[in-house]
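Going by UniProt numbering, the first residue of the sequence shown is number 1, and it counts up by one from there.
Careful: at least some of the hints might be erroneous.
[Unchecked claim] Simulated pairs of lysine-lysine, BS3-like, Cα-Cα distance not exceeding 30 Å:
hint, residue 1, residue 2
1, 83, 154
2, 41, 249
3, 217, 33
4, 41, 123
5, 249, 61
[Stated by the list, open to error] Computed Cβ-Cβ distance ranges for the label pairs, DEER-style:
hint, residue 1, residue 2, range
6, 255, 121, 38 to 44 Å
7, 119, 249, 17 to 23 Å
8, 124, 38, 21 to 27 Å
Just so you know, the hints here were simulated from the structure itself, not pulled from any lab data.
Ideal Cβ positions, reconstructed from N, Cα and C, are used throughout, including at glycine.
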Amino acid sequence: MSHNTQATPLQSQYLHVNQHSWDSKVAVHLDSKFYDVNSFKAGNTSLNQIELGALGSVAGKKLLHLQCHFGLDTLSWARLGAKVTGLDLSSKAIEAATTLASECGIDAEFICSDVYESEQTAKANFDLVFTSYGVLCWLPDIDRWARTVASHLKVGGELFIAEFHPIHDVFDGYRYFHDEQADIEVNQTYTENNRDTQTTEITWSHPVSDVINALIKAGIHIVEFNEFDYSPYNCFDNLTSKRNELLNKEVFQYLHQGNPVPLVYSIKGVKTA
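Given these sequences and hints, build the entire structure.
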């Protein structure tokens, strides 16, 4: 990994740079144990208890999944009865999602679009906007993101986000607080089959308070905020596996001086006006 926090002309091209990065990941991710597409095709869900427990029944709800990658979670929500639309920056991911939906016989709409442009590319008046795990770091303007989320929701509609906690990144030398200057890095992807997958990525840090305040300013009433001392995914360095008896599955923790650091947070909110 290389680190560069200086503003460069490359930063202004972040959409193109990150789209290329995510396009290059799709084939690798489809073939990974991390995503286990065959398990999904066999009928298993890709969703975690964090989001399932928070949202309950989604049957009949119009659900917009922002930054859906190749659609496993989108299609898992569809299997639970939601009327789903998945949106992602990567055309390769959207192609794969559309193919997967067809192969599994699941009714879903997929749109290739930047989040900020989704007001023009996706219909409004959704019952639920869902986004999760490694999404906000790709966005330079968190206030604009929150306004975009609100624009998609009908009054009374819900937002749910489960996101990796930015405090963990501090232990890897990243900023906690937001800076307009991006982190520009060359990284491998996070799946186990990541050999020869290095691409340039442009990301930003967003503290939890910025996310909450942006949503409040956009007219989203926060009804639930939670932090978790584990990640469902083994996608960071130096994680320790632990059996979670309540979930009946293995989860992953980052320990600092023997104590677990928050790895995930979730926010549930309702559009009030």
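Query raised in the report: Do the alpha carbons of residue 83 and residue 154 lie within 30 Å of each other, as the hint requires?
Result: Holds, because 15 Å separates the two Cα atoms, which is no more than 30 Å.
Query - residue 249 paired with residue 61 [C-alpha distance capped at 30 Å] - result: Distance of about 29 Å is within 30 Å: holds.
Query raised in the report: Under the criterion that the straight-line Cα-Cα distance not exceed 30 Å, is the pair residue 217, residue 33 satisfied?
Result: 40 Å, violated
Query raised in the report: If you check the beta carbons of residue 119 and residue 249, does the distance land in 17 to 23 Å?
Result: Given a distance of about 37 Å, which is not inside 17 to 23 Å, the answer is violated.
**Report entry** residue 121 and residue 255 - C-beta distance against the hinted 38 to 44 Å
**Finding:** With a Cβ separation near 42 Å, residue 255 and residue 121 satisfy 38 to 44 Å, so the hint holds.
Query raised in the report: Taking only the CA atoms, is the gap from residue 41 to residue 123 under or equal to 30 Å?
Result: Holds - the C-alpha atoms of residue 123 and residue 41 are around 28 Å apart, at most 30 Å.
Query raised in the report: CA of residue 41 to CA of residue 249, is that 30 Å or under?
Result: Holds - the C-alpha atoms of residue 249 and residue 41 are around 20 Å apart, at most 30 Å.
Requested in this report: Can you let me know if the beta-carbon spacing of residue 124 and residue 38 is within 21 to 27 Å?
Outcome: 36 Å, violated
The structure does not agree with the numbered hints 3, 7 and 8 stated previously, though it agrees with the rest.
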